[in-house]
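Peer 1: Here numbering that gives the first Met the number 0 is used: the first residue of the sequence shown is 0, the next is one more, and so on.
Misleading hints may appear alongside valid ones.
[Said to hold, decoys possible] Below, simulated PhoX-like cross-link-like pairs (lysine-lysine); rule was C-alpha separation at most 20 Å, straight line: (1) Lys73 x Lys33; (2) Lys33 x Lys81; (3) Lys81 x Lys70; (4) Lys81 x Lys136; (5) Lys81 x Lys94.
If you are wondering where the hints come from, they were derived from the structure by calculation, not from laboratory data.
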Amino acid sequence: MNLEEILAESCVISNLKASNKKDAIYEMCETLKKSGLIENVQEVVNVILERERLGSTGIGEGIAIPHGKMKGIKNILCVLGKSEKGIDFDSIDKKPVHIIVLLLAPEGSASMHLKMLSRISKILRDTHIRNRLLELKDARDIYFYILEEDRKI
Numbered sequence: 000m001n002l003e004e005i006l007a008e009s010c011v012i013s014n015l016k017a018s019n020k021k022d023a024i025y026e027m028c029e030t031l032k033k034s035g036l037i038e039n040v041q042e043v044v045n046v047i048l049e050r051e052r053l054g055s056t057g058i059g060e061g062i063a064i065p066h067g068k069m070k071g072i073k074n075i076l077c078v079l080g081k082s083e084k085g086i087d088f089d090s091i092d093k094k095p096v097h098i099i100v101l102l103l104a105p106e107g108s109a110s111m112h113l114k115m116l117s118r119i120s121k122i123l124r125d126t127h128i129r130n131r132l133l134e135l136k137d138a139r140d141i142y143f144y145i146l147e148e149d150r151k152i
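Make a model of the complete structure from these sequences and hints.
Peer 2: Set out below in structure tokens:
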């Protein structure tokens with residue numbers, strides 16, 4: 000499975016308006032709803048925040064990968080958001096997050112879920128890729144760039 004299978008172009012946010020973790024997650028879940036991928040925003044927000052209570056998904060170097068598993072969805076869903084100003088995500092390195100990839104997986108899809116988390120982490124750990132994503136201002140450009148980099152894995 001690759002990013003092209005789970006990330007729709009309509010699910011890329013070039014500049015998140017949110018200034019904190021909870022609002023960023025809500026904004027990203029709203030994008031899933033606007034894209035017709037979920038029905039209940041608050042239900043998805045609750046699933047993601049429940050996972051955050053176990054420990055922050057801010058993995059350092061300006062990256063967060065909030066995620067969770069939920070009944071009632073058939074496929075892994077993804078939203079990529081970028082914050083120009085940075086968001087406090089309680090990251091392990093205590094630095095603001097600028098790139099957030101939210102993943103929502105069907106309950107019972109542990110293997111697929113972990114593979115996608117690993118794949119996204121691998122892509123975003125590359126300093127060159129992160130820097131290029133931060134430079135790009137247009138959601139369409141961000142979308143095609145991340146898919147291009149994903150194909151190289």
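Peer 1: Need the status of pair Lys81, Lys94: alpha-carbon distance at most 20 Å?
Peer 2: Given pair Lys81, Lys94 holds - Cα atoms ~15 Å apart, limit 20 Å.
Peer 1: Hey, Lys81 versus Lys70, does the alpha-carbon distance stay inside 20 Å?
Peer 2: Violated: Lys81 and Lys70 sit about 27 Å apart, past 20 Å.
Peer 1: Does Lys136 lie within 20 Å of Lys81 when you go C-alpha to C-alpha?
Peer 2: With Cα atoms ~9 Å apart, Lys81 and Lys136 stay inside 20 Å; holds.
Peer 1: Would the hint linking Lys73 and Lys33 be met if the CA-CA limit is 20 Å?
Peer 2: Given pair Lys73, Lys33 holds - Cα atoms ~18 Å apart, limit 20 Å.
Peer 1: Just to be careful, I want the Cα atoms of Lys33 and Lys81 compared with a cutoff of 20 Å; is the pair within it?
Peer 2: 18 Å, holds
In summary, the one numbered hint that this structure violates is 3.
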